[in-house]
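Participant: One letter stands for each residue in the lines below.
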Amino acid sequence: MSERTIKSPLPGTFYRRANPQAEPYVSEGDEVAPGDVVGLVEIMKTFHEIQSDAAGRIARFLVENSELVDAGQDIIALAGD
Amino acid sequence: MQKVLVANRGEIALRVIRACRELGLASVGVYSTADQEALHVRRADEAVCIGPPHARESYLNMEAILQAARQSGADAVHPGYGFLAENAAFAAACRDNGLVFVGPRPESIEVMGDKARARQLAASAGAPTIPGTEGKASLEEALDVAAEIGYPVLIKAAAGGGGRGIRAARDETELAEHVAQAAMEADAAFGDASLYLEKLLVDARHVEVQVLGDAHGNLVHLFERECSLQRRRQKLLEESPSTALDAETRAAMTEAALRIARAVNYENAGTIEFLLDGGGAFYFIEMNTRIQVEHPVTELVTGVDLVKEQLRIARGEPLGVRQDELEVDGAAIEVRVNAEDPERSFLPSPGEITALELPGGPGVRVDSAAFAGYHVPPFYDSLVAKLICWGRDREEAIARTRRALAEFVVEGIKTTIPFHLELLADPAVQTGDYHVEFLERRTMAV
Numbered sequence: 004m005s006e007r008t009i010k011s012p013l014p015g016t017f018y019r020r021a022n023p024q025a026e027p028y029v030s031e032g033d034e035v036a037p038g039d040v041v042g043l044v045e046i047m048k049t050f051h052e053i054q055s056d057a058a059g060r061i062a063r064f065l066v067e068n069s070e071l072v073d074a075g076q077d078i079i080a081l082a083g084d
Numbered sequence: 006m007q008k009v010l011v012a013n014r015g016e017i018a019l020r021v022i023r024a025c026r027e028l029g030l031a032s033v034g035v036y037s038t039a040d041q042e043a044l045h046v047r048r049a050d051e052a053v054c055i056g057p058p059h060a061r062e063s064y065l066n067m068e069a070i071l072q073a074a075r076q077s078g079a080d081a082v083h084p085g086y087g088f089l090a091e092n093a094a095f096a097a098a099c100r101d102n103g104l105v106f107v108g109p110r111p112e113s114i115e116v117m118g119d120k121a122r123a124r125q126l127a128a129s130a131g132a133p134t135i136p137g138t139e140g141k142a143s144l145e146e147a148l149d150v151a152a153e154i155g156y157p158v159l160i161k162a163a164a165g166g167g168g169r170g171i172r173a174a175r176d177e178t179e180l181a182e183h184v185a186q187a188a189m190e191a192d193a194a195f196g197d198a199s200l201y202l203e204k205l206l207v208d209a210r211h212v213e214v215q216v217l218g219d220a221h222g223n224l225v226h227l228f229e230r231e232c233s234l235q236r237r238r239q240k241l242l243e244e245s246p247s248t249a250l251d252a253e254t255r256a257a258m259t260e261a262a263l264r265i266a267r268a269v270n271y272e273n274a275g276t277i278e279f280l281l282d283g284g285g286a287f288y289f290i291e292m293n294t295r296i297q298v299e300h301p302v303t304e305l306v307t308g309v310d311l312v313k314e315q316l317r318i319a320r321g322e323p324l325g326v327r328q329d330e331l332e333v334d335g336a337a338i339e340v341r342v343n344a345e346d347p348e349r350s351f352l353p354s355p356g357e358i359t360a361l362e363l364p365g366g367p368g369v370r371v372d373s374a375a376f377a378g379y380h381v382p383p384f385y386d387s388l389v390a391k392l393i394c395w396g397r398d399r400e401e402a403i404a405r406t407r408r409a410l411a412e413f414v415v416e417g418i419k420t421t422i423p424f425h426l427e428l429l430a431d432p433a434v435q436t437g438d439y440h441v442e443f444l445e446r447r448t449m450a451v
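So the sequence lines, in the order shown, correspond to chains P and U.
Position 13, counted from 1, in the first sequence is what this note's numbering calls 16; the numbers after and before it change by one each time, with no gaps.
Position 27, counted from 1, in the second sequence is what this note's numbering calls 32; the numbers after and before it change by one each time, with no gaps.
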């Protein structure tokens, strides 16, 4: 079984929810398809959605909610089939 | 008043520190751990670290800032723009801690910060307001009023500002949908779900009037700034005078601005924003109770140093200028050089500035806290520099801005410089024939 990652396209602060009251976009064990929103990056007072570029099941999160990420950093590990 | 704490960062912190120095006032800079290398930290007479990078833990942390004031022995606080500048509780906390707040009284900030109350106040002061609900509205009231004034309409958060918390609706269905969403968003963003409704004016221009008031009841206006070139309601280019005002409209608009400011006994620098429609009618939108990003445009055409006036007013001195001494000399244009990639939908572009060459020569002013080797942090707004150019007339101001932009080199990050060069080559901008939707429609057309 191969493992792939979803990367943040931008540097900034990573969030798992659209706003503090919302449910997380995705959780461990969820199946995602290409284009699914899996998180949010806050950068320079603007918010950008992170989309999955592959299909798979979320194995685990590689960064915590509200942690700082770099551009190209791995955010989520996907378990492929 | 001897020592001013500057509760901000970036170019505006530097701008305030410069004004303090010219007036013989000591300055205290504050900074987050992300801003240790920032220029305002070095240029201030002393500096205090107020917390981690995220603004809510540093530049928005009232207690940390008040503590920095106590620790440094500051007796006044200048809030700059953004962050705590329009926070009435912060202004009141400064006052309660024996600190002079360089800005209006907390009561004025509070009234003008509630956009629905501000609208009522402007109307009762005899200033025209955009047709809409009388103050806060429920969904039923919004539907009734929209049916009466006609669609499209704008739904606005009462506690919003800076272009945030606004949605447009073209019909009843959209209005019903958006009211629910807008209330939720307003509650999450501003802690207040109250909404109000306004008619959406098409092809309108955003024109604002600068005012200064002192503690002795003196109040003057410093004419207008034209700010219609906006993207997602964020201004990108501002100029003064506006090409859209004739002498009669200018007189009426500045008089309306003074009436509104007088209605709250306004003290210090403030800006009253209007929408001007194609027929020359104008309507009050809101009042910004702080110094504006684009204030240098007014400084270049009037010769008044607005930030020094703010400090003098806070010291209790009468205004340094009388209305009959003020006039507009020539024309000025400001462009915002932001760390954004205009070729990728203005995607933020933080990072290290590896090389920096600033423009100069006649009529050119650059307000910036950037330097070669500076890391633009991802935590704050994307403004890297303001380029402000003066000319004897608008044509010369445009020529100078284009010349200065061509000299302006920023390497290592993407900036809006190429966008501004293209914008200033646009015939509509060159003739001054543009409105608030101009940039959105232009971007769509590309």
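Calculated directly from the structure, the hints in this document are not laboratory data.
Mixed in with the good hints there might be a few duds.
To give a feel for the contact side, a few chain P residues facing chain U, derived at Cβ under 7 Å [what the hints assert, rightly or not]: (1) G15; (2) R19; (3) A21; (4) I46; (5) M47; (6) Q54.
Keep in mind the model is a prediction, meaning the values are calculated, not measured.
Cβ atoms here follow ideal geometry from the backbone N, Cα and C, with glycine treated the same way.
Participant: Take the hints in turn and mark each one as holding or not.
Facilitator: Quick rundown of the hints versus the structure:
1. G15: 5 Å, holds
2. R19: This hint is violated: R19(P) lies away from chain U, its Cβ roughly 16 Å from the closest one there, beyond 7 Å.
3. A21: 9 Å, violated
4. I46: 5 Å, holds
5. M47: OK, holds: M47(P) within 7 Å of chain U, min 4 Å.
6. Q54: 15 Å, violated
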